[in-house]
Amino acid sequence: MDKEIISNGDVEILLNVLLEKHGYDFTRYSGASVKRRICRLMLLDKFDRLADLRDRLINDKEYISRFIQEITVNVTDMFRDPLFYKTLREQVLPVLATHPFIRIWHAGCSTGEEVYSFAILLKEANLLHKSLLYATDINPEALEKAVKGIYPLSQMKQFSENYLLSGGKNDFSEYYTAKYNLAKFDDSLKSKMIVSAHNLVTDWSFNEFQLIICRNVLIYFNKELQDKTLELFDYSLEKLGYLALGSKEQIKFSGITPKYKQIDSKEKIWRKMM
Amino acid sequence: MEENDVSRRRYELVIIGGSAGGLEAIIQILEEIKHCGLTIIIVLHRKWAVDSALVGILSSRSPLLVKEAEEKEILMPGTIYLAPADYHLLIEKDRSVSLDASEKINFSRPSIDVSFESAAEIYGPLAAAVLLSGGSSDGVEGLKKIKAMGGLCIVQDPGSALVEYMPRQAIDNVEVDHQMNAVEIGAFLNELR
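Protein chains in written order, with the numbering used here: chain A, 18 to 291; chain B, -13 to 179.
Chain A on its own, in the form it takes in the complex (with noise of 0.2 Å):
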């Protein structure tokens, strides 16, 4: 490959004319990462240099999408780590039964595999009919491939597995239409949910939730933003609510950690405790 070698400066300049050109803030972004990323869109999109994609991003109104669902990571999976999904089955969804009604927020939901993951869960519990499922992140192209529901024929196998490792009783395929190569999640699982844009970094709380589902969204942030992020998950959140993060995030190190008692020894799943 050969690349331009690019300077954390130039990475930063470009970051900076995004941020006051069209208002998205990347600055605060995993350095590692958004290089990597950026690197990886210029060998896509053929730019030689990074002021060509600089020139793009500043005349190009449209490349902006472009750039958004390119430099956010969009790898997502049904019932991603299943035993995750087991523990929120088993030692979540008993307490939230005991709600009237129920407030979930999906940050960072991608194009949607978990929050069908886990409206499928709330239909198994019967308690889909007095939920509502808010699912937002920054990429619309995502969003609208959430709101579709409809996902590769070939990743159900995949899907099924993990479906059944998180303790799931029925067949999997009840759940889904096939047709070609593709399968679309039935219309009932979507009859809860409240798919919207929402930025982490420039957006504040638009409600309270009893549980709040961002998994592997603050990996990609640094410690700062991390921080900040948390706080608003806090700030959104009810006494006695659930905050469950990726596999590998974590809140030990941030100023909302003292509230906060994981309820299971392994899975990333918090309560807050006052």
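Check before you lean on any hint, since a few could be wrong.
Label pairs and their computed distance ranges (CB to CB) [what the hints assert, rightly or not]: (1) A:Ile22 - B:Pro49: 34 to 42 Å; (2) A:Val112 - B:Asn176: 49 to 57 Å; (3) B:Ser45 - A:Ser213: 45 to 53 Å.
From the derived model, a few chain B residues whose C-beta atoms are all more than 10 Å from chain A [claimed, not checked]: (4) Arg(-4); (5) Ile13; (6) Gly23; (7) Ala39; (8) Ser122; (9) Asp143; (10) Val149; (11) Glu150; (12) Gln165; (13) Asn176.
For lysine-lysine, the following DSS-like pairs were computed, each having C-alpha atoms within a straight-line distance of at most 27 Å [unchecked claim]: (14) B:Lys90 - A:Lys162; (15) A:Lys278 - A:Lys265; (16) A:Lys201 - B:Lys90; (17) B:Lys33 - A:Lys285; (18) A:Lys245 - A:Lys285; (19) A:Lys256 - A:Lys283; (20) A:Lys285 - B:Lys53; (21) A:Lys283 - B:Lys33; (22) A:Lys174 - B:Lys33; (23) A:Lys103 - B:Lys33; (24) A:Lys283 - A:Lys103; (25) B:Lys33 - A:Lys265; (26) A:Lys245 - A:Lys38; (27) B:Lys90 - A:Lys63; (28) A:Lys63 - A:Lys78; (29) A:Lys240 - B:Lys90; (30) A:Lys265 - B:Lys79; (31) A:Lys209 - A:Lys289; (32) A:Lys285 - A:Lys207; (33) A:Lys209 - A:Lys285; (34) A:Lys265 - B:Lys53; (35) A:Lys165 - B:Lys90; (36) A:Lys165 - A:Lys201; (37) A:Lys186 - A:Lys174; (38) A:Lys103 - A:Lys140; (39) B:Lys130 - A:Lys63; (40) A:Lys285 - B:Lys90.
Since the hints were derived computationally from the structure, they do not count as laboratory data.
Computed from a predicted structure; not experimentally measured.
A virtual CB, placed ideally from N, CA and C, is assigned to each residue, including glycine.
Fit chain B to the supplied structure of chain A, relying on the hints for placement.
Chain B in isolation, oriented as in the chain A frame:
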């Protein structure tokens, strides 16, 4: 060993990549490293199910602290970090770890290329990279970058590797500094400063 030029250099990081047959080589290497003032990172392809046991297996073969690399943790000398399953491991300017769950590279996550390239960028000539047994070509591009940034490239002698494809690819495509069997690599790293 007559690497006088090498022994006078100063390294900060040893980064080791392996795929099929890599674990066996890593165990042999660790058994040779009695003392080490460098940071050691291991990127090993494997099925996620083996993960929890892996730190235990490696710990029992080494007097050094062996741990899974944690998100945003600062890399310390004399410590062996294992890249967690299903995440790419990247290194930040401040020598902290960033984990990344993006697309697989070379059908792998963690990808050896991703971590080698990141190590080359951050550590430059202070990085020594070791590529072991495997049936993939993951790691070859990363090794090129290590070399280009002035780092040291060590490859397991293909004849001694359980699966020779990966080290063979490296030798065919990169000007490697050393080819050695796993025990020799361990002894070499033990003397590396």
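Hints, one by one, checked against the model:
For Ile22 (chain A) and Pro49 (chain B), the hinted distance range of 34 to 42 Å is satisfied, since their beta carbons lie about 39 Å from each other. Distance hint check for Val112 (chain A) and Asn176 (chain B): the Cβ-Cβ separation is about 53 Å, which falls inside the suggested range of 49 to 57 Å. Remark: the range hint 45 to 53 Å for Ser45 (chain B) to Ser213 (chain A) is upheld by a beta-carbon distance near 46 Å. Chain A leaves Arg(-4) (chain B) outside its interface by the beta-carbon criterion, the shortest separation being 23 Å against a cut-off of 10 Å.
Taking the minimum C-beta to C-beta distance to chain A, about 25 Å, the non-interface status of Ile13 (chain B) holds against the 10 Å cut. Under the 10 Å C-beta cut-off, the non-interface status given to Gly23 (chain B) relative to chain A holds; the minimum distance is some 24 Å. The Cβ of Ala39 (chain B) sits about 14 Å from the closest Cβ of chain A, beyond the 10 Å cut-off, so the non-interface label holds. The beta carbon of Ser122 (chain B) is kept farther than 10 Å from every beta carbon of chain A, the shortest such distance being approximately 18 Å.
No beta-carbon of chain A is positioned within 10 Å of the beta-carbon of Asp143 (chain B); the least distance is around 27 Å. At roughly 25 Å, the least C-beta separation between Val149 (chain B) and chain A is larger than 10 Å, which holds for a residue marked as non-interface. Against chain A, the non-interface label of Glu150 (chain B) holds: every CB pair exceeds 10 Å, the least being about 25 Å. Every CB of chain A is more than 10 Å from the CB of Gln165 (chain B) (nearest about 24 Å), matching its label as outside the interface.
At roughly 29 Å, the least C-beta separation between Asn176 (chain B) and chain A is larger than 10 Å, which holds for a residue marked as non-interface. Distance check on the hinted pair: Lys90 (chain B) and Lys162 (chain A) sit about 21 Å apart at the alpha-carbon level, within 27 Å; holds. Proposed proximity of Lys278 (chain A) and Lys265 (chain A) is supported: the alpha carbons are some 17 Å apart, at most 27 Å. At roughly 25 Å between alpha-carbon atoms, Lys201 (chain A) and Lys90 (chain B) fall within 27 Å of each other, so this suggested pair holds.
Of the supplied pair hints, the one linking Lys33 (chain B) and Lys285 (chain A) holds, its CA atoms being roughly 21 Å apart against a limit of 27 Å. Pair hint Lys245 (chain A) plus Lys285 (chain A) holds up; C-alpha atoms about 19 Å apart against a cutoff of 27 Å. Note on Lys256 (chain A) and Lys283 (chain A): the hinted pairing holds, with a Cα-Cα distance of about 22 Å set against a maximum of 27 Å. For the proposed pair Lys285 (chain A) and Lys53 (chain B), the alpha carbon gap of about 18 Å is at most 27 Å, so the pair holds.
With a C-alpha separation of about 19 Å, the suggested pairing of Lys283 (chain A) with Lys33 (chain B) holds against the 27 Å cut-off. Restraint check: the Cα-Cα separation between Lys174 (chain A) and Lys33 (chain B) comes to about 17 Å, which is no more than 27 Å; the hinted pair holds. For the proposed pair Lys103 (chain A) and Lys33 (chain B), the alpha carbon gap of about 20 Å is at most 27 Å, so the pair holds. At most 27 Å may separate the alpha-carbon atoms for a hinted pair to count; Lys283 (chain A) and Lys103 (chain A) meet this at roughly 12 Å.
For the hint pairing Lys33 (chain B) with Lys265 (chain A), the CA-to-CA distance comes to about 17 Å; that is within 27 Å, so the pair holds. For the proposed pair Lys245 (chain A) and Lys38 (chain A), the alpha carbon gap of about 23 Å is at most 27 Å, so the pair holds. Pair hint Lys90 (chain B) plus Lys63 (chain A) holds up; C-alpha atoms about 21 Å apart against a cutoff of 27 Å. Among the hinted pairs, Lys63 (chain A) with Lys78 (chain A) is consistent with the structure: their alpha-carbon atoms are about 18 Å apart, no more than 27 Å.
A distance of roughly 25 Å separates the Cα atoms of Lys240 (chain A) and Lys90 (chain B); the hinted pair therefore holds under the 27 Å criterion. Distance hint between Lys265 (chain A) and Lys79 (chain B) is fulfilled; the C-alpha atoms sit about 20 Å from each other, no more than 27 Å. The straight-line distance between the Cα atoms of Lys209 (chain A) and Lys289 (chain A) is roughly 25 Å, inside the 27 Å bound, and the hint therefore holds. Taken as a hint, the Lys285 (chain A) and Lys207 (chain A) pair is honoured in the structure, with Cα atoms around 26 Å apart against an allowance of 27 Å.
A hinted pair counts as satisfied when its Cα atoms are at most 27 Å apart, and Lys209 (chain A) with Lys285 (chain A) qualifies at roughly 25 Å. For a cut-off of 27 Å, the pair hint linking Lys265 (chain A) to Lys53 (chain B) stands: about 14 Å separates their Cα positions. With a C-alpha separation of about 25 Å, the suggested pair Lys165 (chain A) and Lys90 (chain B) falls inside the 27 Å cut-off, and the hint holds. Taken as a hint, the Lys165 (chain A) and Lys201 (chain A) pair is honoured in the structure, with Cα atoms around 8 Å apart against an allowance of 27 Å.
Using a Cα cut-off of 27 Å, the hinted pair Lys186 (chain A) and Lys174 (chain A) holds, with the two alpha carbons roughly 15 Å apart. The suggested pairing of Lys103 (chain A) with Lys140 (chain A) holds, with an alpha-carbon distance near 15 Å, which does not exceed 27 Å. Our distance criterion of 27 Å between C-alpha atoms is met by Lys130 (chain B) and Lys63 (chain A), whose separation comes to about 21 Å. At most 27 Å may separate the alpha-carbon atoms for a hinted pair to count; Lys285 (chain A) and Lys90 (chain B) meet this at roughly 23 Å.
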